[in-house]
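Spelled out, the chains give:
2 protein chains.
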Amino acid sequence: MSGQAECSPGSARKIEQLIVPIGDDLLSGAAEIALQGITVFKSILSGADINKPDQLKADLEFASLKLIDAQPAMASIFNISNSLLKAIASATSVNSIKLESDKVLDQYEKLLCDSAAKIADFAFDLIPPGEMVFAYSFSSTVVSCLLNARAKGRYFRVACSESRPSMEGRKLASHLASGGAEVIYTFDSAMGMILPNCSVAFMGCDCISTPGLVNKTGSFLLALACHELKIPLYTLCDTSKFVSEERFFEFENHQRPGTDVWADAPPEVSIVNKQFELIPFDYITGLVTEKGVFTKAELAKYIAKSIKDTSLLDPAPQLLI
Amino acid sequence: MSGQAECSPGSARKIEQLIVPIGDDLLSGAAEIALQGITVFKSILSGADINKPDQLKADLEFASLKLIDAQPAMASIFNISNSLLKAIASATSVNSIKLESDKVLDQYEKLLCDSAAKIADFAFDLIPPGEMVFAYSFSSTVVSCLLNARAKGRYFRVACSESRPSMEGRKLASHLASGGAEVIYTFDSAMGMILPNCSVAFMGCDCISTPGLVNKTGSFLLALACHELKIPLYTLCDTSKFVSEERFFEFENHQRPGTDVWADAPPEVSIVNKQFELIPFDYITGLVTEKGVFTKAELAKYIAKSIKDTSLLDPAPQLLI
Numbered sequence: 001m002s003g004q005a006e007c008s009p010g011s012a013r014k015i016e017q018l019i020v021p022i023g024d025d026l027l028s029g030a031a032e033i034a035l036q037g038i039t040v041f042k043s044i045l046s047g048a049d050i051n052k053p054d055q056l057k058a059d060l061e062f063a064s065l066k067l068i069d070a071q072p073a074m075a076s077i078f079n080i081s082n083s084l085l086k087a088i089a090s091a092t093s094v095n096s097i098k099l100e101s102d103k104v105l106d107q108y109e110k111l112l113c114d115s116a117a118k119i120a121d122f123a124f125d126l127i128p129p130g131e132m133v134f135a136y137s138f139s140s141t142v143v144s145c146l147l148n149a150r151a152k153g154r155y156f157r158v159a160c161s162e163s164r165p166s167m168e169g170r171k172l173a174s175h176l177a178s179g180g181a182e183v184i185y186t187f188d189s190a191m192g193m194i195l196p197n198c199s200v201a202f203m204g205c206d207c208i209s210t211p212g213l214v215n216k217t218g219s220f221l222l223a224l225a226c227h228e229l230k231i232p233l234y235t236l237c238d239t240s241k242f243v244s245e246e247r248f249f250e251f252e253n254h255q256r257p258g259t260d261v262w263a264d265a266p267p268e269v270s271i272v273n274k275q276f277e278l279i280p281f282d283y284i285t286g287l288v289t290e291k292g293v294f295t296k297a298e299l300a301k302y303i304a305k306s307i308k309d310t311s312l313l314d315p316a317p318q319l320l321i
Numbered sequence: 001m002s003g004q005a006e007c008s009p010g011s012a013r014k015i016e017q018l019i020v021p022i023g024d025d026l027l028s029g030a031a032e033i034a035l036q037g038i039t040v041f042k043s044i045l046s047g048a049d050i051n052k053p054d055q056l057k058a059d060l061e062f063a064s065l066k067l068i069d070a071q072p073a074m075a076s077i078f079n080i081s082n083s084l085l086k087a088i089a090s091a092t093s094v095n096s097i098k099l100e101s102d103k104v105l106d107q108y109e110k111l112l113c114d115s116a117a118k119i120a121d122f123a124f125d126l127i128p129p130g131e132m133v134f135a136y137s138f139s140s141t142v143v144s145c146l147l148n149a150r151a152k153g154r155y156f157r158v159a160c161s162e163s164r165p166s167m168e169g170r171k172l173a174s175h176l177a178s179g180g181a182e183v184i185y186t187f188d189s190a191m192g193m194i195l196p197n198c199s200v201a202f203m204g205c206d207c208i209s210t211p212g213l214v215n216k217t218g219s220f221l222l223a224l225a226c227h228e229l230k231i232p233l234y235t236l237c238d239t240s241k242f243v244s245e246e247r248f249f250e251f252e253n254h255q256r257p258g259t260d261v262w263a264d265a266p267p268e269v270s271i272v273n274k275q276f277e278l279i280p281f282d283y284i285t286g287l288v289t290e291k292g293v294f295t296k297a298e299l300a301k302y303i304a305k306s307i308k309d310t311s312l313l314d315p316a317p318q319l320l321i
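Read top to bottom, the protein sequences are chains A and B. Heads up, the first sequence stops at 321 in the working numbering, and the numbers go up one at a time, no gaps. Heads up, the second sequence stops at 321 in the working numbering, and the numbers go up one at a time, no gaps.
Hints in this document: simulated from the structure, not taken from any laboratory. Predicted model only: the values in this text are computed from it and were never measured. A virtual CB, placed ideally from N, CA and C, is assigned to each residue, including glycine. Keep in mind that the hints are not guaranteed to be accurate.
Cross-link-like lysine to aspartate or glutamate pairs, in silico, EDC-like; alpha carbons within 16 angstroms at most [claimed, not checked]:
1. 171/A to 268/B
2. 171/B to 25/A
3. 301/B to 245/B
4. 171/B to 268/A
5. 230/B to 228/A
6. 274/A to 102/A
Partner residues are not named here, just some residues of chain A that face chain B (Cβ under 7 angstroms, in silico) [to be verified]:
7. 174
8. 183
9. 184
10. 185
11. 186
12. 220
13. 225
14. 227
15. 228
16. 231
17. 272
Listed next, with one range per pair, are the computed distances between beta-carbon atoms [as the list claims (entries may be wrong)]:
18. 255/A to 157/B: 17 to 27 angstroms
19. 118/A to 124/B: 50 to 60 angstroms
20. 255/A to 255/B: 30 to 40 angstroms
21. 298/A to 252/B: 42 to 52 angstroms
22. 267/B to 129/A: 20 to 30 angstroms
Using the sequences provided together with the hints, build the complete structure.
Shown next, in the form of structure tokens:
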């Protein structure tokens, strides 16, 4: 695919401007980030010059790389980009590029939007009536599950914590409270104090492969505490987050400046500000997807199968460029 | 002791002014808070009217209650106050009150100051050369142990986290770094990411009794993670922190405004801001005191013995007032 045309400096600047806010977005969950990525591609497609198919391909390729760079932990972004580049590989006109791209983007948009409702239905039975549940970080899937259960008349309380340093826990608490859930909010290290009162814990997920899953930092600490306290911990996410093992460790690239954690730290203190971390499957009770609730064994089977598949969700080991 | 005189409104105001900063101090460790309490008593004693022993007793009683109210989790404050009130119970002149008080205060001051060095010597062998150790919250005892080991030529790295919402982890990091230790600093929920690289974890302690120990919130989460990851966790503190079970749960009274955690939270969100929490002994590998390293069993024996003792450190069930 590459070698045909290069993204012009003007296009590159425009695309980068579209992607900057996505890279800086530390509050949105993976499904929201994926939808933002789709919007970027749609914007590029709608502004394409009908006479320059190679230019459009180059722009889409450039946008894919920039989007993946902006949010390296977000598997959906990678899968959408990869699927789109594969779909347009043999297209020769702007119209056929648009047609193929729209198919991919619409398919993912539908998957992202429909999955939330299906996951909410599967998760409903996991929310014990009258109990306290714990939710970590921000995930639009977790919010929709909890508010769906509340709307169906299930009464429960949700405990959550702030999620330093980005504080997306505040977004979670606000969304849940404005949706009618009873919310108890505390700081992250008070998790240990509040978890013994919780019957179940939920979190979203940014990326899944055979070694485990990747989510916002703090998820592993939650998982350790849940395991020790024998509290079931469920991850809620759709299958657009599945990637090959080769792609899996890209989340390590998502580091933020130490000054976001401590602006005026003494120069001798080294600050670690990694936004994402790995949670081995052994710590997860189940993975709730739009295809049902997977245990560790079922998940391993599904990953093995889906990697062999040639479906849209096939996690290719690398970009086709 | 009560019923003889009441603290005058003027004295009460002065004493309250001395104690306000102690109540607001969320950065200092228990040993530092205890030394501040001693300073309050000394200030009252030095300003006493030689002709009003009952007034002095009333002032000391008032100060004791206010100090305990200001820092209900700090066992040393309770024990110093209690010992002082017991010591002056039968004194009838200002001079004898001063004499008895000074004895108690000097004894505690010596205990607090001498213990740090003894604990540092016992803890030295627990710091593995060339490894990373984790330290939580701020404890002057932990700082002195780590810097003592560094001064003795033991090379190691210290990982610590910020300790929201008071951020006393910054004080810990700064003290350690300026003392020549190599410090790695991160946010609290990244504990799970950093702990697998640590060989041992240390924390201070504010209060100990048979059910376990009380320390800054986050300690239980650290303890859960260490237990799950099989990382030894030691508590460093002197025996002035021992109290009866009856006194033990006073730490529950130490709640701070929710606005310290989230200033502009939606009104429907309930905020929990408890500064201290209980860590059962089962999660602690050992307690390093000035009398040596205690295991859970040794500690239970010591507590049973020291409660029966009539020593200065006898944790009386309640104030003698």
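Structure-based check of all given hints:
1. 171/A to 268/B: Distance ~14 angstroms between residue 171/A and residue 268/B Cα, so the pair holds.
2. 171/B to 25/A: Violated: residue 171/B and residue 25/A sit about 30 angstroms apart, past 16 angstroms.
3. 301/B to 245/B: Holds: residue 301/B and residue 245/B sit about 14 angstroms apart, inside 16 angstroms.
4. 171/B to 268/A: Answer holds: residue 171/B to residue 268/A is near 14 angstroms, not above 16 angstroms.
5. 230/B to 228/A: holds (11 angstroms)
6. 274/A to 102/A: Since the Cα atoms of residue 274/A and residue 102/A sit roughly 34 angstroms apart, the hinted pair is violated (cutoff 16 angstroms).
7. 174: Since the shortest Cβ distance to chain B is 6 angstroms, the answer is holds.
8. 183: holds (5 angstroms)
9. 184: holds (5 angstroms)
10. 185: At about 5 angstroms, which falls below the 7 angstroms cut-off, the nearest Cβ of chain B leaves the hint on residue 185/A intact, so it holds.
11. 186: holds (4 angstroms)
12. 220: Holds. Min distance 4 angstroms.
13. 225: holds (5 angstroms)
14. 227: The hint holds - residue 227/A has a Cβ within 7 angstroms of chain B, the shortest such distance being about 6 angstroms.
15. 228: holds (5 angstroms)
16. 231: violated (11 angstroms)
17. 272: Result: holds, 4 angstroms to nearest chain B Cβ.
18. 255/A to 157/B: 17 to 27 angstroms: Distance hint for residue 255/A, residue 157/B holds at roughly 19 angstroms.
19. 118/A to 124/B: 50 to 60 angstroms: This hint holds: roughly 58 angstroms between Cβ atoms.
20. 255/A to 255/B: 30 to 40 angstroms: holds (36 angstroms)
21. 298/A to 252/B: 42 to 52 angstroms: Cβ of residue 298/A to Cβ of residue 252/B: about 43 angstroms, so the range 42 to 52 angstroms holds.
22. 267/B to 129/A: 20 to 30 angstroms: holds (26 angstroms)
In this structure, the hints that do not hold are numbers 2, 6, 16, in rising order.
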